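Colleague: Sequence:
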Amino acid sequence: MTSKNMKSGYVAIIGRTNAGKSTLINSIIGTKVAITSPKPKTTRFSIQAVFEDERGQIIFTDTPGLSEQAIKERVDVVVYIIDQTRQRGGEENKVIGLLRKFGNKPKIVAFNKIDSPKKSYRAQYLFLENEVNEVIELSARENLHIKHLIDTIYTYLPEGKPLVDTKDMITPILNLDSETFIAELIREKIYLFTKEEVPYQTSVSIDEIANRKNGTLYVRATIHVTKERYKKMLIGEGGRKIKQIGTVTRKELSIATNRKVYMELKVEAE
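For the sequence shown, counting from 1, position 267 maps to 267 in UniProt numbering; every step adds exactly one.
In short, the hints are calculated from the structure, not lab data. Just so we're clear, the structure is a prediction, and the values are computed from it rather than from any experiment. Do not take every clue at face value.
To be verified - Derived lysine-lysine pairs resembling DSBU-like cross-links, with alpha carbons at most 30 Å apart:
#1 Lys213 with Lys266
#2 Lys118 with Lys195
#3 Lys195 with Lys213
#4 Lys118 with Lys94
#5 Lys7 with Lys241
#6 Lys213 with Lys227
#7 Lys105 with Lys195
#8 Lys232 with Lys213
#9 Lys7 with Lys118
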């Protein structure tokens, strides 16, 4: 990319818990950059991911924990994602307070889950339309109107050359190292494929990451559990559960890195 007539900048994505922030970033980037489990509070890391095309470069962050100094100096556009199937409450009011801290920064409200048959509570947010620059409806999960959101963001970004050199990046993630990224992918699958308290009793360590001569990415990882009974549940009958976790993780990692991936997983009880 050349810098002539290009736009580049930082975009903060804010919203209440499980509003769809991680799913939205995944949809925009087109690969897995943040875990998206239906279980609450499963995103442990703030994600910074980069999207770029012939128009320029957008750097997304999903963290609401930005300092006021960072808000004033770094963020160029803020996207406030609202789950329109949930009534406004105390948590939402706190996010609205955060939105107002962005002052005169361009603001976009994105009403998520328009594909849901559940009742919409959008009317509870009508007052916001006078405080923001744009209002968009979308479905992060179904990838509906995502292009419109990207187009709108570019409208408000400043002109300038790309802020990040992506030439040597194997994933679009800026602030997570490879070990953390892979561990988070594995952890997501544990949340998706196990029940009850099992996911909350696990941690993941990456024992080895190696580049094979044939171009294959080799990964060896250990899932740590607090009790022997969790180990049995995680492995599953005949090893089917751990195989399922490994297979799906490997496929997503292959898509994210555009490489063939070989993965070894084991489970240990502490």
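Colleague: Please work out if Lys195 and Lys213 have their alpha carbons no farther apart than 30 Å.
Modeller: violated, 39 Å
Colleague: Do the alpha carbons of Lys7 and Lys241 lie within 30 Å of each other, as the hint requires?
Modeller: Since the Cα atoms of Lys7 and Lys241 sit roughly 46 Å apart, the hinted pair is violated (cutoff 30 Å).
Colleague: Are the Cα positions of Lys7 and Lys118 separated by 30 Å at most?
Modeller: Roughly 38 Å between the alpha carbons, so the hint for Lys7 and Lys118 is violated.
Colleague: Going straight from one Cα to the other, do Lys118 and Lys195 come out at no more than 30 Å?
Modeller: Given pair Lys118, Lys195 holds - Cα atoms ~25 Å apart, limit 30 Å.
Colleague: Quickly compare the C-alpha distance for Lys105 and Lys195 to 30 Å and report which way the hint goes.
Modeller: Roughly 43 Å separates the two Cα atoms, so the pair is violated.
Colleague: Given the hinted pair Lys232 and Lys213, is their alpha-carbon gap at most 30 Å?
Modeller: violated, 35 Å
Colleague: Holds or violated: are the alpha carbons of Lys213 and Lys266 at most 30 Å from each other?
Modeller: holds, 24 Å
Colleague: Does Lys227 lie within 30 Å of Lys213 when you go C-alpha to C-alpha?
Modeller: Answer violated: Lys213 to Lys227 is near 38 Å, above 30 Å.
Colleague: Decide if the proposed pair is consistent with the structure: Lys118 and Lys94, CA atoms, cutoff 30 Å inclusive.
Modeller: holds, 24 Å
Consistency with the previously given hints fails for numbers 3, 5, 6, 7, 8, 9, ordered from lowest to highest.
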